[in-house]
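Colleague: Here is what each chain is made of, one letter per residue.
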Amino acid sequence: MISYIVRRLLILPIILIGVTLLVFSMIMMLGPYERLSTYITDPAQLKNVDVDVLVTKLGLDDPWYQQYGRWISGVARGDMGWSESAGSTVTQAFLNRFPATAELGLLALLPVVVGGVILGVFASVHHNDVWDHVSRVLAIIGWSVPTFVFGLIMLMIFYGTLGWFPPSRLDSWALDIVNSTGFINYTNFFIIDGLLNANFAIVGNAIRHLIAPVITISILWWAFIMRITRSSMLEILRRDYIRTARAKGVTENVVVYKHAVRNALIPVVTVAGRMVLGLLGGLVITETIFNIKGLGQFMAQAAQQLDYPAVLGGTLYFGFLLIVINLCVDVSYAIIDPRIRLE
Amino acid sequence: MKRSSILILVLSMVLVLSLTVGAFAQVNNPNTFTKINMGTIDSLDPHYQYDNASSEIYANIYENLIMFKEGDITQYEPLLATEVPTVNNGLIKNDGTTYIFPIREGVTFHEGGTLTPEDVKYSFMRGLIHDRNGGPWWMLYGPLFDAGGLSDITEQVVGVENPSELTAAQSAEVYAELDKAISVDGNKVVFNLPKPNPTFLSVVVHDNGLGAIIDKEWSIEQGAWDGSPETIAEYYDPAKESDPLHEQTNGTGPFMLNTWEKGKRIALDRNDNYWREPAQLERVIINYIDEWSTRKLMLQRGDADVVYMDKQYQSQVENLDGVEFISGLPNLYTGYGLMNWTIDTKGNPDVHSGELDGNGVPSDFFEDINVRKAFNYSMNYDAFVSEVMDGDGQQARGPIPEPFLGFDEDSPVYTMDLEKAEEHFKKAFDGELWDKGFEITILYNTGNSMRKTASDMLKYNIEQINPNFKINVRGIQWASYLDRMIAGKFTLGFIGWGADYADPHNFTVPFMRSDGTFGNFKGESYKEWAKENGVDSLVNKGVEVTDREEREEIYKEIQNIAYEYATDLYLYQPTAHILMRDWVQGWTYDPILHDGIYYYRIYKAQE
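Line by line, the protein sequences are chains U and L. Here this note's numbering is used: the first residue of the first sequence is 129, the next is one more, and so on. Here this note's numbering is used: the first residue of the second sequence is 2, the next is one more, and so on.
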C-alpha cells in the first residue's frame with residue numbers, strides 16, 4: 129500500500145509541471161498588455177509609467193522559457209498578479225475566499241456521501257418495490273430542480289418565513305466577535321476557529337448559517353450519488369460471488385453490507401471525487417443566493433470582469449485541486465479493492 | 002384525512018404563524034442599524050472618493066466646516082466651524098472674495114488628536130495636491146484658483162503640464178501659489194478667492210468629501226502627504242490602493258470605522274467622545290449583497306433596516322408588512338450613457354479587434370457623430386421610463402436635470418427611431434461601418450439592473466438594424482467600472498451624476514467641460530472638440546455671469562449642444578425612493594447624499 133502511494137506521489141511533480149505549463153501557455157496567449165496584469169502586485173506600479181517600458185522591464189518580450197522560469201518562481205512565492213475584481217493580489221483574494229467555500233463544501237461532503245450511499249443501497253436492496261420507486265422519483269426530482277429555484281425556496285421558507293437559517297456566514301453579532309481582537313482567526317473556518325477559541329456560540333451560529341446551503345447542495349448530489357450507488361449495487365448483487373455467498377447461507381445483511389457495498393463503492397468514489405472538486409471549487413449559485421462570499425462567486429465575477437490574473441490563478445488552483453483529489457481517489461480505490469495496488 | 006394528520010397540519014401552521022408574527026412584533030436590534038446595499042465602495046479616503054456609495058461612509062466618519070440644515074440644501078449650519086460665513090456676520094469680506102471660518106475648539110479625532118486650524122489647512126492642501134484623476138477637486142479649483150485642476154496651476158506657474166514631473170524647486174513654486182488661497186489666522190482659517198464665487202460654500206459643505214477635515218499629524222504618520230512644499234510630484238494623483246487613507250480612517254464624525262471587509266461589509270461604531278451628543282445608534286452595518294431576493298428577505302425578516310432596491314421591483318414591496326416604501330422624492334440626478342470618444346484599445350477586450358473590420362471597433366468609434374446619433378436613436382426612452390423606471394422619473398433632456406436653470410421641458414430630445422438610426426449608421430465612417438459591421442462590449446456595474454436593462458435595450462435594438470452589428474453586455478464591479486473609465490478603456494456604459502450642490506454648474510462641468518469628470522473619461526478628441534467648439538468657455542461663462550436670465554440662456558444653449566452633437570446618450574432623471582423598516586425614525590431625505598444616510602439623526606423605534 130505504502131509503495132503504491134509513494135509511486136503515485138512520485139508522479140505528482142510531473143503532473144504539476146504539466147499543469148503549470150498549461151496555465152502558462154494560456155497566459156502566453158494573451159497580449160503583452162493583458163499579460164502585464166498577471167505580473168503586477170500593486171496597481172501603483174502602473175501609475176505614471178509607460179506600459180511599453182514596463183513590458184520590457186518585466187521581460188514580457190523575452191523567450192517563453194525565460195518568462196516561464198520567472199513566472200513559476202513568482203507562483204512558488206505566491207505572486208500570481210493583481211486581481212482587479214478583488215482589489216487585492218490574487219493570492220490574497222483566494223486566501224480570503226477559500227475558507228468560506230471550503231467550510232461549506234466540507235460540511236456538505238459527509239451528509240452528501242453518506243446520505244447518497246445509504247439511499248442508493250436502500251433502493252437497490254428494495255429493488256422494484258415501493259421504496260425503490262419512491263427513492264428513484266425523489267432522485268429525479270432532486271436532480272431536476274435547478275439549484276437557484278431550490279435555494280430560493282429554502283431561503284424563503286427557512287429564513288423568510290421561519291427565520292431559522294439566515295443567509296451569510298455569520299450573524300452580525302458573531303461577525304463582531306470574530307473580527308474582535310479577543311478572537312484568534314487561526315483558519316478563518318468559523319466552526320474550527322470557534323472550537324479553537326472555545327466559543328461555542330460562534331460554532332453554533334456558523335452551523336446555523338450553513339444548514340440551508342448544505343441542504344441545497346445535498347439535494348442535488350444526494351440524487352446523483354444515490355443513482356450511481358443503486359445501479360452499481362444492482363450490478364454487484366447479480367454477480368456470481370454474491371449468489372455463491374447466498375447459496376452458502378450467508379445472511380442477507382452480511383451479503384449486502386460486507387460483500388456487495390464495498391465493491392459497489394468504486395464508481396461512487398470516482399463520482400465523489402468529482403463532487404469534492406465541485407464543492408471546493410465554489411458553488412456560484414448557492415454562494416450567491418446565501419450571500420457566502422466564496423470562491424465560486426469570486427471566480428464568476430472575475431470571469432465576467434475579464435480579470436485574467438484571477439481567472440488564471442483559479443485555473444491553477446483547480447489544477448492542483450484536481451491532482452490532489454485524483455490522488456485521494458486513487459488511494460481510496462486501493463483501500464477499497466486491494467487488487468488495484470497490484471496492478 | 003386522518004385526525005392526527007389534521008392536528009399535525011394545524012400545529013405546524015400555528016408554529017409557523019407564531020414564529021412569523023414574533024419576528025415582527027418588536028424592533029430588531031434597536032441599537033444597530035443594518036443597511037443592505039449592492040456593489041462596493043471605491044475608497045475610504047474622503048479626498049479620493051467621489052461616488053455615492055463611498056460618500057455615505059465618509060459622511061458619517063468625517064466632518065466638514067459646515068453642513069446643510071436638516072432637510073434643506075439651501076441653508077447651512079456650522080459643523081467644525083463655529084459660524085457659517087455670511088456678509089452680515091463679517092466672515093465674508095472683500096466683495097465675496099474672502100471667507101473666514103472660526104474653528105471649533107475641543108473637538109477630537111477618533112484616534113485622539115485635537116482639531117486645530119492647521120488640520121483644516123492641511124486637509125485642503127493635501128486634497129489640492131492629490132487632485133486625483135476623475136476626482137472631486139475640480140469643484141474647489143474653480144472657486145479658489147479659477148482653474149480646472151492642479152495641472153492648470155503647474156502649467157501656469159512653472160510651465161509643467163504634468164504635476165508628477167515637478168522638480169522640488171518647481172514644486173515649491175507651485176505650492177506657494179496654492180498656499181495663497183488658504184491661510185491660518187489665529188483660530189481662523191481664511192480662504193482667499195480670486196473673484197466672487199457663489200458656489201464656494203456649497204462646495205465645502207458636508208456631503209462633499211473634499212471638504213472633510215483630517216488629522217495632519219496622524220495622516221503624515223500613516224504616509225499621507227508630508228506637508229512639504231517640495232513633494233507635490235510624489236503625492237499627486239495617487240494610485241487608489243497605495244493611498245494610505247484608502248483603508249483606514251480618522252475623522253471627527255459621529256461614527257468610527259470598525260471594519261471594512263472589501264465587497265462584503267462595513268461596520269461603524271458610535272463615537273462616544275463625539276463633540277456633540279453621541280448618536281443614538283451604537284452601530285451601523287452596511288452589507289453588500291448583489292442578490293435582490295436575499296436583500297428583500299432580510300428586510301422582511303427585520304434583519305435589515307434599509308435595503309437597496311431597483312425601481313423595477315417596486316411592485317414586490319408596496320404592501321409588505323412592517324416595511325415603508327417612500328417614492329417620488331426629488332432627485333437631482335442625470336443618468337446617461339457615456340460614450341468614450343477616444344477608447345484606449347491597448348489590452349482592451351471590450352473593443353475586440355480594435356479595428357474597423359467588422360470584428361471590433363476602433364478607438365475613434367464614438368468620435369463619429371453619426372455613430373453617436375445612431376445610438377441615440379436606438380434607445381427606447383419611453384419604454385425605459387414607463388417600464389424600467391415604472392414611470393417614476395422622466396427622460397433626461399441633456400446634462401441639466403429639473404429643476405435647475407437651463408432645464409426646459411420643451412427642449413428637443415431623441416426618441417427611438419430605428420430608421421433614422423439606420424440612416425446615421427449608413428453615413429458613419431463614410432459607409433464603411435455599415436458594410437463591415439462592428440462588435441463592441443458595453444459594460445454595466447453588477448447589481449444595477451436598470452443599467453443592465455438599458456444596455457440590453459440598446460443591444461436588442463441595434464442588432465436588429467444590421468446583422469453585422471454585434472453588441473455584448475458585460476457586468477463588472479462598481480470599483481472596476483470606475484477604474485476602467487479613469488483608464489480610458491470604457492467604450493459605452495450607463496452612469497449618472499448626482500448633484501454635489503444645487504447649481505446647474507455642477508452638471509455642466511462634469512458632463513460637458515473638457516476637463517470635467519466625464520469629459521476627462523471621454524478622451525482626447527472630446528477634449529479638443531469641447532475646447533474648439535466653445536463648450537468650455539460657455540460652461541465657464543455660466544458660472545461667471547450673475548444675471549439669472551442670461552445664465553438660463555447659457556444653460557439652455559449647453560443643453561442644446563448636447564442634443565445637436567449627441568455628445569452622449571442622455572437617458573433619464575429618476576425620482577428617488579427609499580425602502581426601509583417602519584421602525585426607522587429620524588430619516589430625512591438629502592438629495593445630495595442621494596441614497597446615502599446620515600446616521601447621526603437615525604434611531605429605531607416602533608411608533
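Since the hints were derived computationally from the structure, they do not count as laboratory data. Among the hints, a few may not be true.
Result set (DSS-like, lysine-lysine): computed pairs, CA atoms no more than 25 Å apart in a straight line [said to hold, decoys possible]:
#1 L:K437 with L:K427
#2 L:K453 with L:K428
#3 U:K185 with L:K490
#4 L:K263 with L:K542
#5 U:K185 with L:K241
#6 L:K490 with L:K542
#7 L:K542 with L:K265
#8 L:K263 with U:K185
#9 L:K542 with L:K557
Stretches of chain L that chain U covers, calculated by requiring three or more beta carbons in the stretch to come under 8 Å of a beta carbon on chain U [said to hold, decoys possible]:
#10 113-125
#11 480-488
#12 522-530
Quick reminder that beta carbons are idealized off the backbone N, C-alpha and C, glycines included.
Colleague: Hint by hint, which ones does this structure get wrong, listed from lowest number up?
Modeller: Of the numbered hints given earlier, those the structure breaks are 2, 4, 6, 7, 8, 10 and 12, listed in rising order.
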